[in-house]
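Novice: Protein chains in written order, with this note's numbering: chain A, 23 to 283; chain B, 23 to 283; chain C, 23 to 283.
Treat the hints as calculated values from the structure; they're not laboratory data.
Each hint should be verified, as a subset may be incorrect.
For identical chains, the list gives no copy identity; a pair is met inside one copy or between any two copies.
Capping the alpha-carbon separation at 35 Å, the derived lysine-lysine pairs in DSBU-like fashion look like this [said to hold, decoys possible]:
hint: 1; residue 1: 39; residue 2: 281
hint: 2; residue 1: 281; residue 2: 253
hint: 3; residue 1: 24; residue 2: 39
hint: 4; residue 1: 278; residue 2: 253
hint: 5; residue 1: 278; residue 2: 24
hint: 6; residue 1: 24; residue 2: 110
hint: 7; residue 1: 110; residue 2: 281
hint: 8; residue 1: 39; residue 2: 253
hint: 9; residue 1: 39; residue 2: 71
Keep in mind that this is a model prediction, so the values were computed, not measured.
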Amino acid sequence: MKLDVIINALGQVREQKPLVVNITNYVVMNNTANALLAVGASPIMAHSKEEMAEMMSFSGALVINIGTLDSVWIPRMLFAVERANANKKPVILDPVGCGASTLRTETSRDIARLADSLIIRGNASEIMALAGENAQTKGVDAQDSSSDAIVAARFLVSEYGANVVISGETDHIVTADDQITLSNGDAIMPYVTGMGCTLSALTGAFAAAGDHTGLAAAAVMGVAGEIAAEKSQGPGSFQLQLTDGLYNLTDDELAKRLKIA
Amino acid sequence: MKLDVIINALGQVREQKPLVVNITNYVVMNNTANALLAVGASPIMAHSKEEMAEMMSFSGALVINIGTLDSVWIPRMLFAVERANANKKPVILDPVGCGASTLRTETSRDIARLADSLIIRGNASEIMALAGENAQTKGVDAQDSSSDAIVAARFLVSEYGANVVISGETDHIVTADDQITLSNGDAIMPYVTGMGCTLSALTGAFAAAGDHTGLAAAAVMGVAGEIAAEKSQGPGSFQLQLTDGLYNLTDDELAKRLKIA
Amino acid sequence: MKLDVIINALGQVREQKPLVVNITNYVVMNNTANALLAVGASPIMAHSKEEMAEMMSFSGALVINIGTLDSVWIPRMLFAVERANANKKPVILDPVGCGASTLRTETSRDIARLADSLIIRGNASEIMALAGENAQTKGVDAQDSSSDAIVAARFLVSEYGANVVISGETDHIVTADDQITLSNGDAIMPYVTGMGCTLSALTGAFAAAGDHTGLAAAAVMGVAGEIAAEKSQGPGSFQLQLTDGLYNLTDDELAKRLKIA
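Using the sequences and the hints, build the whole thing.
Specialist: Below is the structure:
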C-alpha cells in the first residue's frame, strides 16, 4: 500500500538524517535548507567545483536547481552530476523556468542526459518544455490540463530513464511502471516563492533515504502544505507554518489526509 | 484623485499579474520575490546575460538593485537595461549604498544614464549621493531633514528624465510635474532588512501594470507596513505580517489609512 | 561580574549601532542581516574587492563566513581581512564545514593566519578540524564530548592569538586568560539553518562595540534563543521568534536566564 511506503520513507529520513548536496538558486537556499532540516535531513549547500568530489563522496543525493542559472555555474553542475554518478547517488533535477530561455532548456537537457539515476521535479510547463517537440500531443489525448504534461513526463521517463514528478494543483508521479496522482496542497502555495524548489529538495532527502520515485516527498509536502494553509492568514504565515508542519508531521496526519489515486 | 489612481493601480497589478525581472541582491531575493507574489505580480529573478534578451522580451519591467554589487554583474545589469530599452520597458533602479563606495556611486549613475524609462527608489542619503555635488543645497532650503534629498531628487528628474521615490519616515514621490508626500509606514521598518528593496520590487510591478510614478507602490507598501506593524511583536513577525498584509490589502484599508499630501 | 559585562555590551551595541561588514554565505544573508538589525547593529553585506577598502575604512568589524565558499571569493575574503588589519578592526571567522573539504579547511587556516585581531566561532567539529592534528587529544582529557573541542580551541588561541567560541548544546568561550561555559539555548536550534552563522554575525556586532571575547554575543543569542523556543511550535516559528527576541531582549531577562560558569 502506498501509504505505508510513504510513512516508512518519512521514518527513514528522520532516522538516517541523510546528507543532501544542493546546488540551488539564491532565492530559495534558506527555505530549502530549512525544509530539509525540518523533515529530518541534513542540507549541504555547496557550489564549488574544488570541493564537490569530496562532498558527493559522503552525501546521499544531489539536488540541482537552475532557478538563478549562471553560465559560470553550469560546468560545476555537470561536474557534480558526474561525481554523483561515480558514487552511485541519485540526482534530482529542478528545471526552473525551462522553456523561458534557451539557456535553461539546454542546460536542463544536458543535466538530464548526464545523470545515471535521475528524478525530475517540475511544474507542467517546465516538464513540457524539457520534453520539447518530441512529446507533443496530437490533441486527442488532451482531456484535461495535465494530459500534455503527463505525455511529456512519459517521454522523459523513456528518454532519460528518469522518474518524473509534475507538481501543481494535482501532483503526478510518473515512473516506468506506475502513474500516481496526489491531490493535497492548497491554493495559497503558488503565492509563496520556492514551493516547487522545496519539493525538489525534499525529493533529494527521500531519494537519499531510499525512495527514488519522488512519491513520498510529494505526499509529505502536500499534506504539510495543507495543514500549514489551515493555520495561515496569507503567504507569509504559510511559509512559517509549512516549516513547522514538516517538522511536526505525524504518521496519523499523513494517513488521515493523504489523497492518492 | 490620487487615491483612485492608487486603488486602480493595485487592481491592475492583481489582474495583469505582470512579469517583473529582478537583478537584485542576495540578501533580499527571497523577500522581494515573495512581496511580488503577494501583491499579485510574477517575479523572475534572473542574472545571466545569456538569457536576458529572452527574459526582457516577455516581461513588463526590470528592477536593478545593487545591494550586493559585484563587478562581474555590472555588465549584466547594463545589458539588461539595454534590453529593457529595446523593449520599451521601464527600469527601476535601487542604488543601495550609493555614496558608501565609488563602485556603487558610479554604477548607479551608469545605469541611470542608460535607462530610457527610469524610476529611482532610494533613501535620502542614497538619492543625495546619486545626485552628488550637482545638487548641493545652499543651506537656506534646508528647513527639514528631507529638503536636501528633494533638491537632489529634482536634479535626478531633470538629469535622467527619471521619476524619483525617496523613502523614509515620510516618502516623497518627485516627478517632473508633481511632488507628493506619503506618511504611512512604521518605525519598526528600519529594523527589517530589505524594506527599501521590497518597495523597489513592488515599484517594478506597478510600473509594469502602468504606474510609472512610483506612487502606487509606495502607498501600498506604506499602508501594508502600517497594518503589519500593528500585528507584530518585533521585526521577525513584521516581515511575515508584511507579506500577509500585501496579499490581503483591501481598497477600503487603503482608503481609510492613506496619508497623502 | 560577567553578567554586567554582557549587559553593558548589549547596551553598547544598541547605542553605537556599529557597522558590521559581512562576507557570508548565500543561505543566511537575510537572517544574519536581520539578526544584526534586531540587536541594534547595522549590517553591510558586501563582497566586491573594488569597494572593500572603503567599506572597512568606516566599519567596526569584519565577519567572514565560508558557508557557500567559492574559489572566486577567497581572494576577496583575504583582501578584506588585510583591510580590517590595516584599520585595526576585529575579524570574526566562521569556518562553516571546516573539515568537510580541503578547500574549507585550508581557506579557514589562511584567514586565521592573516587576521591580526581574530575571534573564531564554530561548532565542535569545525573547531577540531581547524586545529587539525596539532590539537589531537591523548585520550585522557576526553572526559566529555566537548573536551576535544576545548583542547582544539586552546591550540587555536595560542596559534592564531584568537579568542574562540565553540557553540553547541553548551557554548564554550576560550581565551588566553579565561574559559567560560554558557548553557542557554534550546534543542530546536539545530533544526534551523544558520544559527551558528547568526551567532558569528552577532559576535561581529559586539566586537565592533568593544567585546572581543565573543562572550556577550553568545550569551545574548543563547538567552534570546531560549525565549524564542518557548514561543515556538517548530523551526519556522522559532526563526521569527528569535528575531523578535533579539529585538525585545531586556537586561532583566538576561539576568534572570543566563546560565554561566
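Novice: Run every hint past the structure and note whether it holds.
Specialist: Results for each hint:
1. With identical chains, the CA atoms of residue 39 and residue 281 are at most 35 Å apart both within one copy (27 Å) and between copies (30 Å).
2. Within a single copy, residue 281 and residue 253 get their C-alpha atoms as close as 20 Å, and across copies as close as 32 Å, so both meet the 35 Å cut-off.
3. In this assembly of identical chains, residue 24 and residue 39 lie within 35 Å of each other by CA distance solely inside one copy; the values are 22 Å within and 38 Å between copies.
4. In this assembly of identical chains, residue 278 and residue 253 lie within 35 Å of each other by CA distance both inside one copy and across copies; the values are 17 Å within and 28 Å between.
5. With identical chains, the CA atoms of residue 278 and residue 24 are at most 35 Å apart within one copy only, with a shortest distance of 13 Å there and 51 Å across copies.
6. For a Cα distance limit of 35 Å, the shortest separation of residue 24 from residue 110 inside one copy, 26 Å, qualifies, whereas the shortest one across copies, 53 Å, does not.
7. In this assembly of identical chains, residue 110 and residue 281 lie within 35 Å of each other by CA distance solely inside one copy; the values are 33 Å within and 47 Å between copies.
8. For a Cα distance limit of 35 Å, the shortest separation of residue 39 from residue 253 qualifies both inside one copy, at 27 Å, and across copies, at 26 Å.
9. For the identical chains of this complex, residue 39 and residue 71 are intra-copy neighbours only, at 25 Å inside a copy versus 38 Å across copies, given an alpha-carbon limit of 35 Å.
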